[in-house]
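K.L.:
What follows is each chain in one-letter form.
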Amino acid sequence: MSGIEVHPGVYSKIRAYAELVDRVLGELRRGHVSDTGVQRLRLSSLLMAVGDGERISADAKLLEWMLREGGCPSPKRLNEMGHQLDSGDSSPELLIDLESLAKTLERERASAFARMRGR
Amino acid sequence: MTLDEYIRGVTSQLERRVRELRMRIHRQLPRDYDALAQKCREKLDGVLVDLRSVRDEYADVDSQPARLRHLRRTVSDLSQLETVAVAALDRAREDDHYLNELLYRITREIGYPLITPVVTTLSSEYFHIYPDFNLLCVPLSEGKFLLHLPDLYHELAHPLLVVRDEPLVESFQRAQDACLAQVLSYLQGEKTKAGRRRSPDSLSYQIELWELTWIRSWLDEFMCDLFAVYTLGPAFAWSHLHLSMLRGQDPFEVPRLQFSSHPADDARMQTMLVGLAQSGFEQGAGEIEEAWRSFLCSCGASAEPEYGHCFPAPLLATIAGATRRGIAGMKCRLAEPSTSDPVHLCLSDAWREFRRDPSGYPQWEETCVRERLISNGVGRVIRG
Chain A
1 MSGIEVHPGV YSKIRAYAEL VDRVLGELRR GHVSDTGVQR LRLSSLLMAV GDGERISADA
61 KLLEWMLREG GCPSPKRLNE MGHQLDSGDS SPELLIDLES LAKTLERERA SAFARMRGR
Chain B
1001 MTLDEYIRGV TSQLERRVRE LRMRIHRQLP RDYDALAQKC REKLDGVLVD LRSVRDEYAD
1061 VDSQPARLRH LRRTVSDLSQ LETVAVAALD RAREDDHYLN ELLYRITREI GYPLITPVVT
1121 TLSSEYFHIY PDFNLLCVPL SEGKFLLHLP DLYHELAHPL LVVRDEPLVE SFQRAQDACL
1181 AQVLSYLQGE KTKAGRRRSP DSLSYQIELW ELTWIRSWLD EFMCDLFAVY TLGPAFAWSH
1241 LHLSMLRGQD PFEVPRLQFS SHPADDARMQ TMLVGLAQSG FEQGAGEIEE AWRSFLCSCG
1301 ASAEPEYGHC FPAPLLATIA GATRRGIAGM KCRLAEPSTS DPVHLCLSDA WREFRRDPSG
1361 YPQWEETCVR ERLISNGVGR VIRG
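Listed in order, the protein sequences are those of chains A and B.
Position 50 (the first sequence) corresponds to 50 in my numbering; numbering is contiguous.
Quick note: to get my numbering, add 1000 to the position in the second sequence (first position is 1).
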């Protein structure tokens, strides 16, 4: 995300998204989904809200914008990925796109970390 | 050296850094610091867990990029602990203790619903708060002065908007949700209008940029300003004028290509004036408005046409009203002209005195801080 200052609260959100994607990616790669699948549900719900005019939330808007500036995947693809996660899919294509999402989020997180400030 | 060998070496060294930081959390600090000290210990423990995970839980080749990302996040966490939170504990001294006592008194006066944040004088950039640590940073010598201290009230509001599952702040967060819905609805309408007019793509982009900027930070900043206005009164609006005079840029700034973390200074002031009028401070609001206009004239600032679209007055008034109801719902004390709480009076007196006798003010302030606050302890202020 370009721009100047980032509030610590916003940084925490970006960091949480980045961690969430990596956790889910790790679970899918290991073929082990935690008992309740909480992380996967959280991520699928967040991604499904992206690109969905009816369900869009403040968190999803923030994510959509970060990714729009940061590059891939597209909002449409993020929405599809949300549905794939929701249906229990763990195809190689999904893993590749989650890896791409994780890379973009890490770039955004590192950039935001360098630009935190307050009032 | 392979990546695995490098990571094993570096995680061992970082574990040693964690132990070193734990040793820096002194046990002799006043009780005000207990919550921050505990938070630091917990977060350092979390860093240790992460470091061990990075070292041991990424065996296959495909996972190595994720392993490196995990390491980098953990290093950022550790860096923030070292440079912000543990540093605040390690460097805490009398100036910090005094400000902590002052902030505690403020939170008691206004009925602040959460644990009082810890204050540190280690800020390198004006006032700001780290909600994760509940740590409020101010410049080194801020405790010796009074005119910027109203900003403490603004910073106190940030944690109210981000803390999770806390019934005591539900009404404030509901107000935030309601305001966000209003903002999004308004901007959706602007997008639709732009589409009907077949406006250039750049305008659509700009409206979308406003949308995200409102979501990302502006709404929070307006609500924090209003929290300060409703709990302190005119002194906060005066301090905003002061800050705009000394550090502000274009008071009518509207982002075109980039985010801005804070709304335009004029929009913030107009919102504060609405809040003051709603609180019975019509006279004070009038004086501030006059001073604000004079400031705008002297800096030659004027609004571009899109300014009114980005910060429409009815939307700002809606936010002001909803925020007031949200604060009342938290059962915080709302400031009125008759409010006589000691710290409230001290900060209000400072602004009154500054305006009455600007050239004599530095002497007045020095004496006030020394005699009413520092030498006799903040408790003296409480007793008036």
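It is possible that part of the hints are untrue.
[As the list claims (entries may be wrong)] With a Cα cut of at most 27 Å, we get these calculated BS3-like pairs of lysine-lysine:
#1 Lys1043(B) - Lys103(A)
#2 Lys13(A) - Lys103(A)
#3 Lys1193(B) - Lys61(A)
#4 Lys76(A) - Lys1043(B)
#5 Lys13(A) - Lys1193(B)
#6 Lys76(A) - Lys1193(B)
[To be verified] Listing some non-contacts, in silico: residues in chain A with all C-beta distances to chain B over 12 Å:
#7 Val6
#8 Ala18
#9 Arg23
#10 Ser57
#11 Met66
#12 Ser74
#13 Lys76
#14 Asn79
#15 Leu95
#16 Glu106
The set of hints was computed from the structure by calculation and includes no laboratory data.
Built from N, CA and C at the ideal position, the CB exists for glycine as well.
K.L.:
Checking each numbered hint in turn, tell me which of them this model violates, lowest number first.
P.N.:
4, 5, 7, 8, 9, 10, 11, 15 and 16
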